[in-house]
Amino acid sequence: MIKVQNICKTYKVAKRNKGLKEAAKALFKRDYEYVKALNDISFTINEGETVGYIGPNGAGKSSTIKVLCGILTPDSGTCEIAGLVPWKKRVEYVKNIGVVFGQRTQLWWDIPVIDSFELLKDIYSVPQNLFQNNLEELINLLELKEIVKTPARQLSLGQRMKCEIAASLLHSPKILFLDEPTIGLDALSKLTVRKFISELNKKNKTTIILTTHDMQDIEAITERIILIDKGRILLDGTLKDIKKDSLSLDESLAEFYKKNC
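Under the UniProt record's numbering, the first residue of the sequence shown is numbered 1, with each subsequent residue one higher.
A hint or two may mislead.
In the BS3-like style, the derived pairs of lysine-lysine whose C-alpha atoms are separated by at most 30 Å in a straight line are [what the hints assert, rightly or not]:
1. LYS202 with LYS190
2. LYS258 with LYS95
3. LYS121 with LYS66
4. LYS259 with LYS36
5. LYS174 with LYS190
6. LYS243 with LYS203
7. LYS230 with LYS15
8. LYS149 with LYS89
9. LYS29 with LYS18
10. LYS29 with LYS15
11. LYS190 with LYS203
12. LYS230 with LYS89
13. LYS195 with LYS3
Don't read these hints as lab results, they were simulated from the structure.
Please work from the sequences and hints to get the whole structure.
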């Protein structure tokens, strides 16, 4: 279970005023402002749920995910996941989670993908039998047999993303965080990734937390949506409750914004 209570996070950001004169002044004395990225965030996610965590750019999505992954320590509030506070027992905690960032990699670029997998096995201290079973299953399900001996830099974006997903699951995590997992992928690769994630959830009851701007990803993978904007949760409900009549999810959310923002 993921239990988040009253999380707040404020960043100190340098002011950047327009003009050459202001830029010159900033070299000697900087002015700062405080931006509240997360403002009293609370929610609970049960084991096996599939949740879309969505919102516009700068809404607080990335800050929330960083807190949940133990990368960022909040200013106040509490968070308990799988019985652990992420930022307090991070080494123990990360064994429970898998993370995929669409624009970042956990693969070593200049070595074959299979060697990256072996390195990750050692990093996460995955027993050999479990690693071998997971590896064979992931290679089959994600159709990686022809590419695991290829260096990551030589893969297409779609191939690399499938390898990233496999890498995040080698240690059998209970929770999978996905940040824009289909960004830049072709239609066929998107369908493959969506189908795999849905089947993973059904088979292993892996909790899925997905952040994306692609509403087709949300509809294909998740059953619940948490909408955040300006550091506050605006909406938390099921897809069925949020979609109205014959409107698409995009249209339903746009209508919600018009009425509430």
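Quiz item: Within a Cα-Cα threshold of 30 Å, do LYS29 and LYS15 meet the stated pairing?
Solution: Satisfied, since the Cα-Cα distance of roughly 11 Å is no more than 30 Å.
Quiz item: Is LYS121 within 30 Å of LYS66, Cα to Cα?
Solution: OK: LYS121 and LYS66 at ~23 Å, within 30 Å.
Self-check item: 30 Å limit on alpha-carbon distance, applied to hinted pair LYS149 and LYS89
Solution: The given pair, whose Cα atoms are some 35 Å apart, is violated under the 30 Å limit.
Practice problem: Assess, step by step, whether the Cα of LYS243 is no farther than 30 Å from the Cα of LYS203, and give holds or violated. | Solution: holds, 27 Å
Quiz item: Are the Cα atoms of LYS29 and LYS18 separated by 30 Å or less?
Solution: holds, 15 Å
Exercise. Sort out whether LYS3 lies within 30 Å of LYS195, counting only the CA atoms.
Key: holds, 27 Å
Quiz prompt | Straight-line alpha-carbon gap LYS202 to LYS190, limit 30 Å | solution = holds, 19 Å
Quiz item: LYS174 and LYS190: Cα distance at most 30 Å?
Solution: holds, 23 Å
Exercise. Given the hint that LYS230 pairs with LYS89, test it: the Cα-Cα distance must not exceed 30 Å.
Key: Holds, at roughly 29 Å.
Quiz item: Keeping to a limit of 30 Å between CA atoms, is the pair of LYS258 and LYS95 held or broken?
Solution: violated, 42 Å
Quiz prompt | Pair hint outcome, LYS230 versus LYS15 [Cα-Cα no greater than 30 Å] | solution = holds, 19 Å
Quiz item: Do the alpha carbons of LYS259 and LYS36 lie within 30 Å of each other, as the hint requires?
Solution: Distance of about 24 Å is within 30 Å: holds.
The earlier numbered hints that this structure contradicts are 2 and 8.
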